[in-house]
Amino acid sequence: MIAIENLSKTYGNLTVLKDLTVRFSGGRVVSIIGPNGSGKTTMSKCILGMVLPDSGDIKFNGESVLKQYAYRSQIGYMPQIGKYPENMKIRQVIEMIRDIRKDAAVIDEELIGLYGLQNMYDKRMGSLSGGTKQKVSAALAFMFDPQVLILDEPTAGLDPISAEILKCKILKEKKRGKLILITSHIMSEVEEVADEVMCLVDGTLKFHETISSIKQHTNEERLSRAIAKIMNEED
Amino acid sequence: MNKIIKYVLYDIVRNKIIVAYTLFLLLLSIGLFNLGGSPDKGLLSLLNLVLLTVPLISIVFGTTHFYNSYEFMELLVSQPIRRSKIFMSEYLGVSLSLSAAFMIGVGIPVLLFAPGATGLYLVLTGIFITFIFVALAFLASVITRDKAKGIGIALLLWFYFALIYDGIVLFILYSFGDYPLEYATLVLTALNPVDLGRVMVLLNLDVSAMMGYTGALYKSIFGSLWGIGIAFVVMVLWVLVPVLASRRAFTKRDL
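Protein chains in written order, with numbering that gives the first Met the number 0: chain A, 0 to 234; chain B, 0 to 254.
Simulated from the structure, these hints should not be mistaken for lab results. Since the model is a prediction, treat every value here as computed from it, not as a measurement. Cβ coordinates follow ideal geometry from the N, Cα and C atoms, glycine included. You can trust all of the hints, since none of them are fake.
Some, not all, of what chain B presents toward chain A, calculated at C-beta under 8 Å:
#1 K2
#2 Y6
#3 D10
#4 R13
#5 S68
#6 E70
#7 F71
#8 V76
#9 S77
#10 Q78
#11 P79
#12 I80
#13 R81
#14 L254
This is chain B alone, in the form it adopts within the complex:
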């Protein structure tokens, strides 16, 4: 498998997009840390921008990469290699290179300007989000053979997780405001990896005091090691489910 990952990585590195992405994140992080007064403020603004751009770039890059390496995969399937191996190499190649870009672009500035647990959570969340959205991108790509349709589905997924979902949650909270919704919101949060990541980082900042009862509940749950453990398990599930589903679809289709 390492052999194929090597060629996938080689192909991605030659592609200048990944370098541009690293520089973009680097500029963004350094700029935000220098703009705000306290490192906490910088982290907060960074969190909001990261949760918007990282999913978008991951899902769009993942989908276009998958379609562009169609020939590469076609060449490999007639060779004595398992199909699932080809698929996993592509997946790991893309997610690892995007994660590396994130580590350099966000990880290093965070380490310099705001070292600590919150920064660590921010970097971890970003890496999880990268893996999750590349997995969703591959899922969108194996569903349809048509590149335009695939990218359309990918963008729709991004819209859903980054924007529409929050709208739905707000709607539910507003309509059922008379009922106790603490646990329901907890479940709703787990159903969207972007929100889950946001809550995990926010609770480590002092702003959670402004989140009312739900914030207190979150704090009591996510504040404990146990709660953090569950959050990570949910994140891992968010990676595994789309990866395994798309791997299965990839091994069962005609090329």
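Okay, chain A solo, but in the shape it has when bound:
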């Protein structure tokens, strides 16, 4: 569904992504892991067209996304830190995005209901806690029934119950054939929801495999140990 080909990006003289080539197909949950600053967020932002790559291409259903915008109607994005206009109310933000994406056929308000956001509709975005902003971001990402979901550390600021709701939603959407990309540092969570793990180190692909094959060839029961083993043995 998404193919990244020879993607490179530098900020000044800092190379963030180096000749990265990777493919993702639908109906899978792919977890993107890697140390801080290894290019995970930059990769997601490249897919969204927020960061423009220096070279390489990104194809969405076979078509290049560079300089395009319409394909974004098929992507739901939940940023690591949601930044919203401070003086807008939750209701206004949600209505505005719905207004912009008027042609979406399906409106999925499940997360709004589960997170009880209706009760806070009149609060200003600037007065919300980090976790509540995350809930708004999650609700917006899932709202338009997109084919691809890009979730950047989705559970980082959420309380355990809200995180659980989100995980259930992720698995539910996966069953409906969607591609879900999650960046996360919490291995137990990766193990719970993901099918494949993609590891980035210094902007290059370290490995991209299914969880079961990782466990198999490292002979480890737990994913965190298996990954630690791979990382250590190659150093």
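Here the structure of chain A is known, so what remains is to put chain B in place on it, guided by the hints.
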């Protein structure tokens, strides 16, 4: 695009600065018209104050608005909208609301106290200056990510166009006074939208008689429809060049 402009306008109207700006212009205009004897005198004083304050307010408001709506733009770029559309909506939202403030604050008093061609030129000049300086403000804002630096560049641009430029022109005129400079001053005028606006309004007042040979030349050029047409084209260029340059920079940068 209209949809996004609607949200930009909504955000600006909630911000009380635009209301304060309208009231300030209104008080200024009514005060000046009541102070001087003739409407022409009022127009002249109004022109000088408008050419000083409108660029300053437009450029400072434009820059701070751009930086303050960074989050708004970030939210929108991950949605299926063209980036240039987001940028143009922001630009039009800011310039239209500042122009509306100017129309109410200066346009209505001019219509009441000094209706006529000169007043019309004054209002048109003010609107052009608003669009030009908001464009320069956006240009300053896309050049740098740092808010303080952006506002610094914006203020510098204002200093340059409102004060420094005239100094440079005077210096040139003084140093090369022995040469015929009529056409050179004409070009120099076109290179600064504030001066261009001033000359356009002044020539419609009778004071141009005091401007000597250059004034006579200006009168013969700007007095004709053709000359006014060229002046407007130059003004439009002054709007388009910074807008298109900053739009290009905005679509080619990382957010």
